[in-house]
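Q: Chain residues, written in single-letter form:
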Amino acid sequence: MGRVVVEVMPKPEILDPQGKAVVGALPRLGFTQFTGVRQGKRFELEVEGDVTPEVLAAAREAGEKVLSNPVIEDVVLVAELTAELGGESA
Amino acid sequence: MSAPAATGLATARIGVITFPGTLDDRDAARAVRLAGGEPVSLWHADADLHGVDAVVLPGGFSYGDYLRAGAISRFAPVMDSLVDAAKGGLPVLGICNGFQILTEAHLLPGSMIKNDHLAFICREQTMVVENADTAWTRDYTAGQRITVPLKNQDGQFVADERTLDELEAEGRVVFRYEGWNPNGSRRNIAGISNAAGNVVGLMPHPEHAVEAGFGPANESGPRAGTDGLGFFTSVLSTLVQA
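For the record, the sequence lines run as chains A and B. Position 54 (the first sequence) corresponds to 54 in full-length UniProt numbering; numbering is contiguous. Position 204 (the second sequence) corresponds to 204 in full-length UniProt numbering; numbering is contiguous.
Here chain B stands alone, though its shape is the one from the complex:
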């Protein structure tokens, strides 16, 4: 596991956007802090990104998933600024509902529909890091298996075959479910990136696996897993090298 970022990175400011119905903003902010960054709360109705160096769109059920998951949040004032900034290279991570918002905002291709088995699912999910060169995965190694919580009802990633082939060919499948596909996602895809690798979205929740005692089970014991911390240290490394 990656060590927390060096003290020189402590000034990196990572925004965490709260929409009405967001649930995991506090956890995402805590993950940023544990990695060595400074979390900055951003509000959906405020178009100002307040000069942050990167942004996390956390999980939850923004607007109650009305219309489609992420569909209404996509039109929040903050999103126009975020879309522009993301196209300019700002690192953006969408977790679960945040991933759904990024697809609705067309920053990432494809969409999420209801899980193939129709049930809400909550489990500790293992996935393979397929691409360790994105802004949010550089502290992992390609092929590394990590385990973080997964909890969703609309988690089935779908896209047409041409889009899926493109994602594969360009190395934009960043994470793939390992062992069991928990929602029927095409080609076992758990997370993807944009072409530049600064925008990453995934359904599992790395922010819930950042502190021993509160994470998934691993060989060290129950709740010992901190496999998700690498997302947040990765972006700090990315910012230092930028």
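One chain only, chain A, in its complex shape:
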């Protein structure tokens, strides 16, 4: 079984109200070094077999057509889920 990671972020020109609220809360816990936060979404898509280039292409298409709204968001990552991306080691 393979997994594909799709990450979606608010467009840079769209003010991210959630990120703004988070960055306002961080200093109250002593995290004063962070000057900005933007909050996005991460999806993990499962497939039966291996993660082939076709699977990655389909994941990108799903990312652009369903998982994100191109008016307000960008798909910033489409990749096989590896240990580096936080996947369990096989």
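There's no promise every hint is true.
Said to hold, decoys possible - Estimated spans, in silico, between C-beta atoms of each pair:
#1 G171(B) / V37(A): 37 to 47 Å
#2 A119(B) / L77(A): 24 to 34 Å
#3 D165(B) / A57(A): 30 to 40 Å
#4 K65(A) / D165(B): 20 to 30 Å
#5 S41(B) / L29(A): 48 to 58 Å
#6 V22(A) / R13(B): 42 to 52 Å
#7 R60(A) / T141(B): 47 to 57 Å
#8 L77(A) / A132(B): 44 to 54 Å
#9 V76(A) / R187(B): 24 to 34 Å
#10 L29(A) / R33(B): 48 to 58 Å
#11 P12(A) / D80(B): 25 to 35 Å
#12 R176(B) / V22(A): 29 to 39 Å
#13 R33(B) / E84(A): 51 to 61 Å
#14 M1(A) / D80(B): 29 to 39 Å
What the hints assert, rightly or not - List of simulated lysine-lysine pairs, DSBU-like, C-alpha gap at most 30 Å:
#15 K11(A) / K151(B)
#16 K87(B) / K11(A)
#17 K151(B) / K41(A)
#18 K20(A) / K41(A)
Just so you know, the hints here were simulated from the structure itself, not pulled from any lab data. C-beta atoms are modelled at their ideal positions from N, C-alpha and C, and glycine is treated no differently.
Once you've looked at the hints, dock chain B against the given chain A.
A: This is chain B only, laid out in the frame that chain A set:
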């Protein structure tokens, strides 16, 4: 305020779509009835529009607003039929979550993101009718101020500057918030239409201001406001003239 539609219009059938998580379908159906039309319940999983003359997408939290508000409802079987019919001129009104669904379905431009102040808001909201020539606003006059309830968390209308300029230039900003912008919407936009004016979407809720005793306060007294009824009489007038 507009009088209820003449008896000759009573046969106009206005569909009201229910998605999983829709909340205001009953209120929308009641508004249609009070205006003189016949409400027809439509179900998200049924692609058949059952020959209705117009459609209302009511408010609520379809699919719990998962993914994005309106994003999953946009793929319901009924939506393919609705998109085709809307492109063919069928009058369609999206209220709140219904507006969000219409933007996700690309029937209307732009999108809604979380309110700039991050809180759910519920208030009686005044807005200006900027365009009284759409299928859903012809019983109002341009510049008229109307007050209806507003209740949402993801109500901040956003679009790029070019789209906003186009909407303004083509008279497609149908409603603008008056007095106070309740969610940070670009250019105080409360509602917009497509180029043909048959598809209208807005965040405030006209269906909650259609019967004296149950609406917002106005000069006649508490809960006396019926400013929302004009949406539903407008579409009946539109259908008669079509």
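Q: None of the hints should be skipped; say for each whether it holds.
A: Hint-by-hint comparison with the structure:
no., hint, in the structure
1, G171(B) / V37(A): 37 to 47 Å, "holds (39 Å)"
2, A119(B) / L77(A): 24 to 34 Å, "holds (31 Å)"
3, D165(B) / A57(A): 30 to 40 Å, "holds (35 Å)"
4, K65(A) / D165(B): 20 to 30 Å, "holds (27 Å)"
5, S41(B) / L29(A): 48 to 58 Å, "holds (50 Å)"
6, V22(A) / R13(B): 42 to 52 Å, "holds (48 Å)"
7, R60(A) / T141(B): 47 to 57 Å, "holds (49 Å)"
8, L77(A) / A132(B): 44 to 54 Å, "holds (47 Å)"
9, V76(A) / R187(B): 24 to 34 Å, "holds (28 Å)"
10, L29(A) / R33(B): 48 to 58 Å, "holds (54 Å)"
11, P12(A) / D80(B): 25 to 35 Å, "holds (33 Å)"
12, R176(B) / V22(A): 29 to 39 Å, "holds (31 Å)"
13, R33(B) / E84(A): 51 to 61 Å, "holds (60 Å)"
14, M1(A) / D80(B): 29 to 39 Å, "holds (32 Å)"
15, K11(A) / K151(B), "holds (26 Å)"
16, K87(B) / K11(A), "holds (29 Å)"
17, K151(B) / K41(A), "holds (25 Å)"
18, K20(A) / K41(A), "holds (16 Å)"
In summary, the structure agrees with every hint in the numbered list given earlier.
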